[in-house]
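Asker: One letter stands for each residue in the lines below.
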Amino acid sequence: MYVAVKGGERAIENAHRLLAHKRRGDQNVAEISLDQISEQLGLAVDRVMSEGSLYDRELAALAIKQARGDLIEAIFLVRAFRATLPRFGASEPVDTGAMRVQRRVSATFKDIPGGQILGPTFDYTHRLLDPSLAEGFVPETPAAAEASTVPTPRVTDILGRDGLIESSPQAADGASVGDLTREPLNFPADRDLRLQNLARGDEGFLLAMGYSTQRGYGRNHPFVGEIRFGEVEVEFVAEDVGFAVPLGAIELTECQMVNQFKGSATEAPCFTRGYGLAFGQSERKTMSMALVDRALRARELGEEALAPAQDEEFVMSHSDNVQATGFVEHLKLPHYVDFQSELGLLRKLRQEFAEAFADANAPDAMKEAAE
Amino acid sequence: MKLSSIIDNLDSASSVKSAVDQVTQHNTQQAQRKAAMAVLAHAEAVEIAARLRDLALPAHQDLRAPENGLVMLRGRVGGDGAPFNLGETTVSRAAVKLASGEVGFGYTLGRDGEKARLIALCDALVQSRDFGGLVERSVIAPLREQLMVRRTRAAEEAAATKVDFYTMVRGEG
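Top to bottom, those sequences are chains P and F.
Numbers 0 to 370, taken from numbering that gives the first Met the number 0, label the letters of the first sequence in order.
Numbers 0 to 172, taken from numbering that gives the first Met the number 0, label the letters of the second sequence in order.
Keep in mind that the hints were calculated from the coordinates and are not lab data.
Note that the structure is a prediction, hence the values are computed from the model and not measured.
Backbone N, C-alpha and C define an ideal beta-carbon position, used for all residues, glycine too.
Just so you know, not all the hints are guaranteed correct.
As the list claims (entries may be wrong) - Derived CB-CB ranges, DEER-like: (1) ARG136(F) x GLU91(P): 27 to 33 Å; (2) ALA170(P) x ASN26(F): 25 to 31 Å; (3) ALA58(F) x GLU328(P): 53 to 59 Å; (4) THR27(F) x ALA144(P): 49 to 55 Å; (5) ALA58(F) x GLU91(P): 32 to 38 Å; (6) THR23(F) x GLY68(P): 53 to 59 Å.
Isolated chain P, as found in the complex (with noise of 0.2 Å):
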């Protein structure tokens, strides 16, 4: 039974007003425009897209300031605002080896074609507090070179020629692409489901899994084969056009983990891996979700799935912040009639048990009086 507490409108009218008030702050201090958010709290706007699901940076951009920099309660109003949409169709598949690339690193070769280029990074950074950043900072004009005009292929394409490294699967003819938003988890779940989920889900979350399966809870061995991020077109079917429509670039990351190797008595031993895509510059985020993704392919590759990181129910109900937040904040709502029942029945009991304790202590209290 479900009994519902009304009243309040007024105290929770008032509440939203102080919020409003709180959010602005103190009204000298100029206000943030959403472009300052873009600009320059641009990894921020990136996450809120990955774990929203939504690529568009004004709207991230908006849900930040509206949740006064809560970036989970950020990605909650963004999948709110997909839900208003209708959907269009879906995408081609975009092509990350086709990437105008910003940065792109290989852990794994020196030497790759196209070179190991660094791009804007925090890596070798020292981590020390800049207080030149505090006001007024003037960053230098970058640096340029002749942009080279080689092509920079996927480090496991050039692992895949030679047969090193497992090849990528390939969708069964006429197979439809799996859709969370569409239709609920079923387990066991198929591996487009999975990166779906996993795309979508709290970078903390996958931070953290990934980091079990390092420390030995699902140990598969980890190298980056490489991440790049940068510039990849869209294109989409529109029927009433008749082609694939170009409908502008998006900025990607993408992460090729390359795992332990595995052969059996029909096939020679190769390399396996793990694949991490998000929106923005998301390099923890898609290299979390690399390890992860290969930790799940356990039961495909005939591995002992023992750790939580290869248990894809557990994984898989557990990402995504939208509904994790949800269910704990929910605790803190009105739980009174639930919690009245409780107590009625908590004191029921307890008087059952201090009466049963009084008639079994009673003879004993009296033998030890009278020792």
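Got chain P; can you put chain F on it based on the hints?
Answerer: For chain F alone, coordinates are given in the frame of chain P:
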């Protein structure tokens, strides 16, 4: 009106040669339209509008008022395997019809309906015998040039961060 019924309206040709010619022409025009769209999708609405403003445009009307929606973006397992759903993006679309009959479509990432409408107008003009050349010269070509400059600059900035790692042999070999 079902918009998708307007396209692919090839006449049933009397001879095979004429049919082949028409298909070739259709494919060439399709390639031109796609190339124009690939440029326009990267421009801002104000940039497209500014370049169209100086042209004497033919009469046209909205066939589909701009509308916003979502497209599910897909990736591939391992970059080159089976497709999977990565997450959605906002998309705006519109359709415009010239008085002479050409129907243009505009699709773009984001929620800028005016931009979708301008792309649709350009797409209709690209298909027009009278305006195709003009819109290519006055709108598409300069925007393409601008896009290439931006891309080259980004590539040059990235290229400056290219490393030459080398390994050092330590100890006595």
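Asker: Checking each numbered hint in turn, tell me which of them this model violates, lowest number first.
Answerer: As far as the earlier hints go, only 4 is violated by this structure.
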